[in-house]
Amino acid sequence: MTNIVALNTVTHRDLRVQSAASARYGDAQRFVPVIVSEFGLLVPHYPIFFAKDSETGSFYCGAMLGIDEGENLFLENFDGYRPLNLRRGPFFTAGSDIAIDLDHPRVDTDGQPLFTEAGEPSDYLKNIMGLFRDLRPGLEQTKIFIETLMKMRLVEPIDISLSFDDGTSRQLDGLYTVNQDALKKLADTEIVDFFRRGYLQAIYLMIASLKQIPVLARKKNARLAR
Amino acid sequence: MVQPIQNVVIVGGGTAGWLTAGVIAARHQGRMKSGFSVTLIESPDIKIIGVGEGTWPTLRTTLEKMGVSETDLFRHCDAAFKQGARFARWTTGAPDDGYYHPLMLPQGFHQVNLVPHWLEKDAGRSFCDAVTPQGVLCDDGLAPKTIATPEYQAVANYAYHLDAGKFAPFLQKHCTEKLGVRHVLADVQTVNQSENGDIKSLSLKQGGEVAGDLFVDCTGFAALLLGKALGVAFKDCSDVLFCDTAMAVQVPYETPTDPMASHTISTAHSAGWTWDIGLPTRRGVGYVYSSRHISDEAAADELMAYIGPQGKGLSPRKIPIRSGYRETFWKNNCVAVGLAAGFLEPLESSAIVLVELSAKLISEQMPANREVMDIVAKRFNDVTHYRWGRIIDFLKLHYVLTRRPEKFWQDNTDPASVPDRLESLLQLWKYQPPWFFDEFDRLEEVFPAASYQYVLYGMGFRSEIDPNDNEFSQSLATQCMHEAMAMTRKMRAQLPKNRDLVDKIHTYGLQPI
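Listed in order, the protein sequences are those of chains A and B. Going by our numbering, the first residue of the first sequence is number 1, and it counts up by one from there. Going by our numbering, the first residue of the second sequence is number 1, and it counts up by one from there.
These are calculated hints, taken from the structure and not from any lab test. Just so it is clear, CB atoms sit at the ideal spot from N, CA and C, and this is done for glycine as well. Errors might be hidden in some of the hints.
[As the list claims (entries may be wrong)] Derived EDC-like pairs (lysine to aspartate or glutamate); straight-line CA-CA distance at most 20 Å:
| hint | chain 1 | residue 1 | chain 2 | residue 2 |
| --- | --- | --- | --- | --- |
| 1 | B | Lys-173 | B | Glu-254 |
| 2 | B | Lys-497 | A | Asp-68 |
| 3 | B | Lys-504 | A | Glu-147 |
| 4 | A | Lys-219 | A | Asp-68 |
| 5 | B | Lys-490 | A | Asp-173 |
| 6 | A | Lys-151 | B | Glu-444 |
| 7 | A | Lys-151 | B | Glu-406 |
| 8 | B | Lys-497 | A | Asp-53 |
| 9 | B | Lys-504 | A | Asp-53 |
| 10 | B | Lys-504 | A | Glu-55 |
| 11 | B | Lys-490 | A | Asp-68 |
| 12 | B | Lys-360 | B | Asp-244 |
| 13 | B | Lys-396 | B | Glu-406 |
| 14 | A | Lys-151 | B | Asp-140 |
[What the hints assert, rightly or not] Ranges between beta-carbon positions, derived for each pair:
| hint | chain 1 | residue 1 | chain 2 | residue 2 | range |
| --- | --- | --- | --- | --- | --- |
| 15 | A | Glu-55 | B | Glu-64 | 55 to 61 Å |
| 16 | A | Ile-4 | B | Met-32 | 55 to 61 Å |
| 17 | B | Pro-512 | A | Leu-224 | 34 to 40 Å |
| 18 | A | Val-215 | B | Glu-120 | 48 to 54 Å |
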């Protein structure tokens, strides 16, 4: 379960957190929420889609890390970009404060210290605080980006069927991408507006990221062959 | 000179009027710039009857085509999901007597008739449970979709329960704000006709006159245009369907979080049946009965006994009903839709679906000019007569198979009260279970053969079958029944409770895609 408390210099002084990527630290996730400002860093590795939150039905942007539930194909021999939502580990924001889930598998007696001897935030914690400076407004910006695209009917479902050498196949449901036909029909003024807001770049990064689907499928194929 | 049909005038601001206005205006949006218009005249004084809180899945398509947001429907019309009806105590009257008429077709319905296969291996499972997950979903009080399912799309087929009193104003707002329907609040005083009988215009009590090319009578039981002005007679069918009175009441939930059934519960009583419809804020309950078989007082007692402690202090509203329909629905340049066209007891929620089908037919077959209107009118009359006849047959089917001892029920089994067509079908079905190819081939049948299957075999009717005759479709039938079982397991695991999903729709809304 979770046990989220506000981070405190005194009580959490000796707490340590594992920062490495690993399935046992909760990184075995197939699909991770991402923000628009990450798109450029994500696109060399992961396909980026829109998907629906199962609790609310509302759309969010996510990077696909694996094919099957609980599968992250980027945990071994990978030193590329990791999405902010995985890197934030056990940390959350509570207003402007930082909170920590004490029951998170990353919270350990080993790993990165959170505070220095003098009680100041460690470099690791400073890094996390910096991460939230991006993530917090980034979530809001991403939400507005999605709402704008939805309003202009620029989002459409995408069906992906994958067949693997072991004879199995997968049907990936619940994924959405940019409707390129609708995009081409935007008025000039809308295009300029999209460009100025950085949406045009985000849109083309999403479209480009679809080329990572076959790459991901090859990784999966190699995994199945093992 | 050819007179084009440009101005459609609808009289009556109830569900029928606004649905018809919306369907026609949405379909002919493009012609509005060249002068096509839809005007709806609504009396400021007449209260709408608000018939039918139960609907049919067709309403999803109808509203989607009108450009209505499904989320708005849930938020503004106190709407909830309906996955069919459960008929309790209709066959024997015993407490455990009941069956479902779900909205999903039997699995593989278009490829194979599962009835003979189910009859051959009737292993104690009801026909409904053998061929579709929907009865189990209703038993479990589950919703037919999830919050991530787009608007109007389904995991399990569904219609709505809604507050009819809120539905008409909701449609009005959409029609006037989004579809360009002109709204005139006035009473029709005189119907001005030309020599050939066509309606030329309507003079209004508040002054002024509205001219038109096509008039749609949605004035309810009054049938001001088609009945009163054009003199089309009403064809009574109380010799087939005996119920002539309804007694309705709104029942509060004990707590706002009480479970809400996702199907209509229709329970047989001594001289009729009760509907029980779960809306988010209340239940709508009513007793439809035959006043020839029970007094109003005794009926009220039966209704209150059914409702139980939650009915304390409530006083039911009595509504006289008259089953039947107009001998002609479209005469000259006037067509009737809704109660003005006819009324049948709401046993299978046929009122709104008939409005939708009529409105769709009018909008799609909209005559180009007066010269060809009579041809379209004839088609409309043929199809609509057929539909009313089939609905009456289907409603009667619910009664004829009963084994209940009360006089009302026994009278219903009297062959003299059974329409000929239904009688011969019942004879045929003894040896040949209904399927969609043989009897039900009309475009847009209101009740497909699947509906007849659910009612027949739900009520214990049995067709004689030859197991050898099953061989040719055995493997497909087995596969379909296995699929139905697999779907049942999957949907049970996936679907939320009916009330929980309606609450979520209020909070988050459904996505359009």
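Between B:Lys-173 and B:Glu-254, does the CA-CA distance stay at or below 20 Å?
-> At roughly 33 Å apart (the allowed maximum being 20 Å), B:Glu-254 and B:Lys-173 break the hint.
For the pair we were handed, B:Lys-504 and A:Glu-55, check the Cα-Cα distance against 20 Å.
-> 9 Å, holds
Could you say whether the range 48 to 54 Å given as a hint is met by the Cβ separation of A:Val-215 and B:Glu-120?
-> 53 Å, holds
Do the Cβ positions of B:Pro-512 and A:Leu-224 conform to the proposed distance bound of 34 to 40 Å?
-> Because 37 Å falls inside the window, the suggested range holds.
Straight-line Cα separation of A:Lys-151 and B:Glu-444 no greater than 20 Å?
-> With a Cα-Cα distance of about 34 Å, the restraint between A:Lys-151 and B:Glu-444 is violated, given a limit of 20 Å.
Is the gap between the beta carbons of A:Ile-4 and B:Met-32 within 55 to 61 Å?
-> 57 Å, holds
Starting from B:Lys-396, check that the Cα of B:Glu-406 is at most 20 Å away, please.
-> Status holds; Cα separation ~17 Å.
Holds or violated: B:Lys-497 to A:Asp-53, with C-alpha atoms at most 20 Å apart | 18 Å, holds
Within 20 Å, alpha carbon to alpha carbon, are B:Lys-504 and A:Asp-53?
-> Given that 20 Å is the threshold and the Cα spacing comes to 12 Å, the pair holds.
Evaluate the given range 55 to 61 Å for the C-beta pair formed by A:Glu-55 and B:Glu-64.
-> 25 Å, violated
For the pair supplied as a hint, A:Lys-151 and B:Glu-406, confirm whether the alpha-carbon distance does not exceed 20 Å.
-> At roughly 59 Å apart (the allowed maximum being 20 Å), B:Glu-406 and A:Lys-151 break the hint.
For the pair supplied as a hint, B:Lys-360 and B:Asp-244, is the alpha-carbon distance within the 20 Å limit?
-> 29 Å, violated
Figure legend: structure checked against the earlier numbered hints; hints not met, in rising order: 1, 2, 6, 7, 12, 14 and 15.
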